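Trainee: Read off the chains here:
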Amino acid sequence: MEKPLTQNIRPDGTPLNLAEYEKAGGYQGLRKALTQLSPGEVTQLVLESNLRGRGGAGFPTGRKWSFVPMGDDVPQPKYLVINADEMEPATFKDRLLMEGDPHQLIEGIIIAAYAVQAGIAYIFLRRAYVTARQRLKQAIEEACAKGYLGRNILGSGFNLELYLHMSAGRYICGEETALLNALEGKRAIPRSKPPFPPVVGLWGKPTAFNNVETICNVPHIIRHGPVWFKDLSRVPDGGTKIYGASGKVRRPGAWELPMGVTIREILEEHAGGMQDGLTLRALLPGGASTDMLTAENLDIPMDFNSMQEAGSRLGTGTIVVIDDRTCIVGLLANLMQFFAQESCGWCTPCREGLAWLTKILNAMEQGRGKPEDIDHLRLHTRLITLGRTFCALAPGAMEPLQSALMYFEDDFKRHIHEKSCPWRDL
Amino acid sequence: MVTIYIEGKAYKIKQGQNLLQACLGLGFDLPYFCWHPALGSVGACRQCAVKRFKDENDTRGEIVMACMTPADDGTRISINDPEAVQFRASVIEWLMINHPHDCPVCDEGGECHLQDMTVMTGHNYRHSRFPKRTHRNQDLGPFINHEMNRCIQCYRCVRFYRDYAGGSDLNALASHDHVYFGRFQSGPLESEFSGNLVEICPTGVFTDKSLKSHFTRKWDLQTAPSVCVHCGLGCNTIPGERYDELRRIRNRYHHQVNGYFLCDRGRYGYEFVNSTQRIRHPLRQAGSREEAKLMMETEALELAAAMLADPGKVIGIGSPRAFLESNFALRALVGPERFHAGLSDSDFKCLGTGCNILQRGPVPAATLQGVALADAAFVLGEDVTQTAPLMALNLRQMRYGKSVRIVSDFQVPEWHDAGVREIGQLQSPALFNATPYPTRLDDEAMRTVYAAPHDLVRLGFAVLAALDASVFPMPDVNDAMQALANEIAQALLKAERPLLVAGTGCGNPALIEAAANMAWYLGRKGSAAAFALCVPECNSLGLRLMGGLDLNSAFQAIDEGRADTVVILENDLYRRADAQAVDAMLQKARNIIVIDHQQTATSEKAHLVLPAATFAEATGTLINNEGRAQRGYAVMPPKGAVRAGWRWLQMLMKAAGHAGASSWLRLENLTADLVKDMPVFQPVAGLDPKPAMPTPGGKLPRQSHRYTGRTAMHADIDVSEPKPPADEDAPLAFSMEGYDGRPPAGLISRVWAPGWNSEQSLNKFQSEIGGPLRGGDPGRRLIEPPASDDIRYFAMPEQEILPGADEYLLVPIHHIFGSEELSMASPGVARQAPQPYLALRPEDAPVGDGEQVRLLVSGKSLVLPLKLLPGMPERTAGLPDGLPGVPKMVLPAVVKILGKGSIEK
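Keeping their order, the protein sequence lines are chains A and B.
Residues in the first sequence are numbered from 1 upward in steps of one, following our numbering.
Residues in the second sequence are numbered from 427 upward in steps of one, following our numbering.
Bound-form chain B, shown alone (with noise of 0.2 Å):
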């Protein structure tokens, strides 16, 4: 601790800061531009200047920035010393000179950074009378609107978007007043980061253009905390409602997980929610959507109670997409041992080692603001870009971790972000990148390898090897690979923090078995190893730790005619397996209910479905990769007959007569028995924070308290305000009313403090700038290592399938845009997304890059498109995960090539 004075009064600081991050902790309010917690000080903006003395008889003192001052012991500072105001006056005054004043058709107009430090500094007069300079705007793709005459020059779009996230593609073009931010050309931008641009930017030249087709200003959203339902890291958002509509999803800070940032994906896929694919109403179908028959929610339930009617003979089929008391609920409903997970069978082998490991290996898993600290990395066969995005955001930050290491050498302190760089510039972080075909994080790896996934599992094994030879034998490898595996060894052994990560896309466990191996032999060895899974859905985890049956034995019983009833939750069957056993199944059984929210192949075969609320919706729980369990809260109420998927099953168990369910009229009942049944679930029933002060009805206001129209928005029906509905499930209300003071961290429902309309606000609601949010961050972890030290490792399984002549193995492609079921109903989404091809390295191509070609992949055939991708190994072949228009593939597979394609019409 250091002590600071600031206008002649101490302050006992944290050592280490710059000035702006000690006023801003201590909760001064210091205008700046160009700084940001996450991208550290480059003092361009000269925005933070303040007078700094040399010593209490010093009265003249000089101006300095605050951002690009240390925070020593002793320093003297005034921030209200008038020519430090004066100076702040005139920054802004400039920085105004060609701003638009065009606030009221801004986007970002009422969260406007500029305007917040605009008014903070009291500028209200343009003194310049000259005409303000203009510029061109480019079209950047679905995702990002342009409007370059807004600019101030922080320079932020740029430092994010190319030293933090690794992009190319945005740069700051021309100089002097002419500083224009954009790409060479018109084009989509190509970072998969883009999104962030509307954040980071302190006004209105990157604006959210999902938002802007259905505008609403932030005051006026309905808001929650939420939890992103596109991946399974469990990024934490804040989606905005009106009108019944989803608009937008910000970012909502997690120290530990998502920091400030949130992937395209997460942040632009949300448009399943207002999609007319959406499920509004219960149907009874028979065999086609198009005799599809609207139904009452009493008749609805009580053709339910005739097919449940024999309990004995119904099995349910869960859902990684569907909260943790959906699938509970459903395990109730169908019983334990009638339960089955939904899960494809290669995510249902890997996600129960993947359990397995963290519940019982001496290593706790990674979280992502661990995964930035690491300074050595193995990346063993995962996409990490494509499958967990801000997991490779954060890899990308290894690189600073290192140079912040090497720069304490030469006296530059850490948050020196330009300084940083410059010294570490040369710098390669220690990470290794062993994927089945050439990444997006390549870039940023000190070394990669492409090889088909048995030959990574080997390559995991022969780092087991290297790093000791008694734990494992060097299995037999070429001497490069062995060369490699050394040099991986030694790299993970220097390090303090090592990282192993693995996952889920390649449907290998193996994989994730020989990346454990290795985080144990380093963890054991006292180091501070740690272990990340990649999982693939927002609940894969959690799902898998309720254990259930696999899905191939859902299609036996159906089969067998152990079972006549299927209760389906939130699942689109025909995305976890083989498109003809799962027509089988569908065609035998008697009765088929589908409990979702979007219409899927399978929602078309039921014959009884139930509207499902989305995340959106309702409140519930997931379980993200690391097993962190986070409660997402409903943004708004759902409408007419929708309702929680665990509430539909909650009546479907009433209509059917079991007695238990009855006590499930609010989330915490349920979430009782839950963790009663399950203790692995014990933390889920602590995780709504109580609100310590009094409120109305005990809850906090989902509604800002500018937030307008409300007697209004509803007078086309009746002019009288309605009560506004009730909800039993949060400790937050669909209502204005109420406590608007600062919230527990688990409710922050949108950021804003007097004088910060901006998401900088968040500076208020931060312990110290850039940490954990006041009273601790949100959420609990399920699995910590146990204290056992018994480790026994897993060993090498032989390659289960080997291609034989003609064809090759199939690796599956994971693509952010394209391989995820429920993003894909967003337009900017799939427009990003590709079409689907085979690709193959350019010397096995029989046939041209985007030609025709014919295969033969799990004895479907299909016509696609080749696309030569140099780096593929030899004899894979692969196609696009999840994207329409593929098959599903059912790993481990090979595809045939039978030679070239037509298309058949």
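Just chain A, with the same shape it has in the complex (with noise of 0.2 Å):
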């Protein structure tokens, strides 16, 4: 089984260094793609390869370069934007590939910049990644050195500034649009579309936006081609994935396999199967703002359109398993408190629902449970739905809490009846 993304990464998790990294077969892809290729035909490449958005959406990737304006006569500079925020809860394969190997990382942004015709590229980083940073950093010095960043790449004409920027520690820069105010310096505050960010984005200019893991991918189909690419993959979207399960599995962590294994796969090949004295009552497929699943589930394929059959996303593929023994109710009052916290409070429905759920949440928790809570926390996941809200993060935070009233309405029951968590003492 090929695992191009991770085929690098040392088991102690030291990262390549330039020379190591090209040794191993890296900067190849770039220089095919800089001498031997147009920008639009590496687009073409990537289009063909089924390559379909990490980040949690699923957009396929070339189609989105697309969308960016080409030609002399479009407004420049043009800009790559790299989303690194990977501030999703339980998520943490961008990590990974920066901290392991951040070599093929950068290979992937100057292709990219390429196909796009970008002359600026920014990696948008996660607060907490002190050591990505340090990585990403010296790969970047090691890059620009040897030529790969800078004029005049390669010889092909083609020039690239590339920029580390450290976010100041907001989920909500992961949308790409308060990503761009927060990159602007303004508050980070999505923006809505139209105007779309290819067209319309940093600083008023086109910008192309990817996925760490995504970008990762592009050397690789840039270099074998996107059928191979595609055989990568047991379903239509090409390629790998990293996958991961945290929750109390026996071997939590995450793993490359190909894209669309069964979630028991993972979790019982991979994971290990839950600790002993424990079953699994649910999970959270792809982070934690997608729909439980129960265990009924576990032969669902993790692929895009699967999990949304499904009733769920994939999102970022990393997998939180939930115990019989851990308190759901709990577990949501801590999501919520979290997506409460990091609302940007620019629209109304997530501002003041998302503080008034994580009150009620964490009140029934402590025992001061009404029954009619129950109805508020329903009615909140049936007015806060996608194009009533503003962004996208409201209606994330409420994919838990719609399918754990559906799967586990009793225990909300409980912990108001019994005006205690039942779980607490378990």
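These aren't lab readings, by the way, just hints derived from the structure by calculation.
Remember, it's a predicted structure, so these values are computed and weren't measured experimentally.
Possibly wrong hints are sitting among the right ones.
To give an idea of the interface, some chain A residues facing chain B are shown, with a C-beta separation under 7 Å as derived from the structure [stated by the list, open to error]: (1) Q341; (2) S343; (3) E352.
Ideal Cβ positions, reconstructed from N, Cα and C, are used throughout, including at glycine.
With the hints as a guide, bring both chains together as one complex.
Mentor: Here it is as structure tokens:
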């Protein structure tokens, strides 16, 4: 089984330096792209590979690039922004890639920037990723010194400046337009679309946007071609995917597996199953803002379409496992507190609604719940939906809540009637 | 025109609107918070949700935000759809989770948009049982009261303050449900337009602090349409009165003049009306106020008649802060050949030039609305933010206009405020600001240059030469100046609506002439060029259009004995001319009659003082900087012996035996004679709108239908309700009786509509949202460009005065708070005014910043602290204009610096 993304990553996690990366075949995709392919051909290869965005939404990467206006008369400079603000709870796949093989990301960035003819690229890095920051900084310096970044890269005439920007630490910055505002030095508030970032992005200029994992696939697609890439996958979406598992499994971690493996495979073969004495009650398949699934859903393939059919989302592909000794209401109270805290405060349903829900869930967990609270929770899951809020943060926060109300309503009722958390002393 | 369907019914509407505008324009009640007609849409509050259907067969539909959805042809929506209704009710419930229900003690209560919208959506029970979040408030200075607990986070305050008005010290701080709107730390708000927060805020976070000191609910205020008297722009206002005290000023919407906004001088300068410095009785004086004797009106008139006995020896001095009618009455009393305009020498010259340009030239005077729509502007010599604040606010909107022109390529609609600003964020408007010292508009300008006034004149002529050297050859300027002139010329040539701005600020008429030259050239080339003249006072232009002689000739007439009696109308001559000259005249004149409402240095020296009404107690006409005649109506009846200036003059004429004045029983009689005598004022005759509906006495009420306490407020004097005072001069009554429907545009005393108690009810008064008032905007322009194509360009004058050794050319530095006479009687304005100072560039400073320096100006020695002002041109010195403690500068002048000073006891 090929694992292009993590093939170079060492067991101890120390990164490859430039020479080591080159020795492992690094920067050959870049060389090929810049010396043999036109920008349009690069985009075409990525389009054919069926690479879909790994940030959670799964938008086809090649199509995304094709929205960036090309030609001499378009506004300049154009930008490429890499979303490395990996703040989805329980998600740590991008961290693995950035810490373990930073040059892979940089090579991908240069190729992507070449494809959309962006002259300036930014990596917008999560504030907590201090190690990744050091390693990326080092790698960028090496790449600059070697001429992979800067002016006239590999004699192609293509120029690229790459900047590493450390976030001030807000979850909302993972939303691409809020990230743009943050990069511009403004409040991290999402922007309304249209205008769309490929046309009007950073400082009003055309801007392409990609997730770290997505971009790390690009050098391999260029090197080995779209057919090879598609063959890595078990489903039409191309490539491998870094899946993860956290919670009370035997071996929590992250693994690069073919796109479309089942949940069961991930949990039982790679995560080693549940810890002794615990049973799986539910799981959040792709981070905190995806609908819960239950033990009945374990044989669903983890790809974009299958997860959607099952009523959830692939999200970041990192599973949170919930066992039978964990209180679902307590977990939701914790998650809701996170989402409420991370609301940017721009639109009313998110700013006020999530704060209210947090108070309700905390009250329940502390034994102060009231019977009508369940109605308020349920009403909010119906009121706070995409289109009614300004961005996807609050609707994302509703996904675990609405599925928990569907599967585990009794847990909520018990909290209210017993006037305390039944899981407290377990 | 496009057709949209609301609840299945077809409506034809103007293209290019969003659904919220469309619904409001059609008269539907759709609640909203973050949208504002002047600020556009950002989609933050989610209050204006409606349901949109794909086509007539779609029954499911989807919830959309009306403010963010274009009203395209064929759009089908439902406001009453149960799901939309439920969502809107939920939004209000969310907003009210933390809102303190303190309406009874909140200054906004009764005119609160949040109250109105809450009632409109039907929310009346708070389901959240948790403690409310609270905030600490800040001291934001004398104008604005801060109460953050009431905030519903609509973001309108920061969008106005920062994006619209260019302020930087108010911001949205923190996040999630702790978002805080305030300053980094307590302190006075720095923007000149901060008072608009009172009207922008949909609830009681930002309220009027001056109103708080004598608080009255909106419905208890007696109000009338008025015009601001604190600069020359003629912003429309609604003053409010109760218990004979003026309580506040609010904006009165005028599409072409001030739109939705006022400056802080206009909003907070009103307290002179309530001032203890008011003259309230006729006074007989013998040289000083201490010996003043109160007189009865009849005695005063007898005394006046004696003083005016020899009409050939009486001269009159008019005033740019008095109504047109009062000036006309004075002119009639003394005769045109003995009527002096009462302007400073430089204002007299500058305004004379300005009137000449407007009347003779081929280019119209710019409206304030037109200023905002300009696509290139060149400000020559005027510190617009301080002398004509709303013009600066409108110049700041050029940026938005430029962005709007760009966004059409991106299919982003004009009302999409956030999108327009993102796309245009790196765009600088083609605004060129050339001033004698750094100004608050510099941050907005594409290019800024500081130069002495005569060098600015040369720049103006250099731009004319760069426009067309055959019109004027390039004057002798350095390369940098020539390059700048070329750049400005190119921008002006490229513009479809170029704008030239000049004014009286530097006291140099050649600046106005240079600006007019450029405007005329561009206008004749075919662009829609406009010329904006900044004038200092509310009736400067009206007074100057009336003609009259200059002030020096008045001094001469007294000095030479040709006259011995002077009637001074609402004017402090010490603000107009050199103190020695004024002293000499006042000493020599046998009889001095002053008609004024404020005690001034001039009124102190009068022999007879007659108490004039302020704008709040009298009806009359003011001509603004674009030559627009606007009528302001008395808000309250004058008390006791106080009379409108023109009415005193009418009584004086009668007492002195003038036949003409006997017919002037009402304002309209006087106006009729005015237009007969001076055809330039012809449009003034039709200024009073006639109410279309039959109402008792043909009048509209100044008091709202909810006015309370009418029978109780005089009960300490008489338990029977007094008859409302008569008002012969206005189509308004001091009463709550009468028709309370929609008045004609010029007679809007308050904005209110059923269910809309806040100023947002204005939507119901406009012919389209953000457009003209129904029935047309009030006021009439006196001057439009003549058809003649005969242009004679002004020539470049030589520099009149050159500073000698140790001397600096004097430039007046204008201050929105401090340079205007009347507003300084407001404690808040006085607090925001600077202390007197002398400004020099650091290179020229003989002492350090803040240290005392001794100087000689107009033959007078004084000691002032030095203010280092980087950017001041070489060999110029600045003194704050009009500030108490700074002598009147007779321009052009030089100041001699004598060295380090010490304060004399």
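Trainee: Decide, hint by hint, whether the structure agrees.
Mentor: Now for the hints, and whether the structure bears them out:
Here the hint on A:Q341 is kept, as its CB sits about 6 Å from the closest CB of chain B, short of 7 Å. Hint status for A:S343 relative to chain B: holds, with the closest Cβ pair at about 4 Å, below 7 Å. Satisfaction of the interface hint for A:E352 is found here, the shortest Cβ-Cβ separation to chain B being roughly 4 Å, below the 7 Å cut-off.
Every hint from the earlier list agrees with this structure, and none is contradicted.
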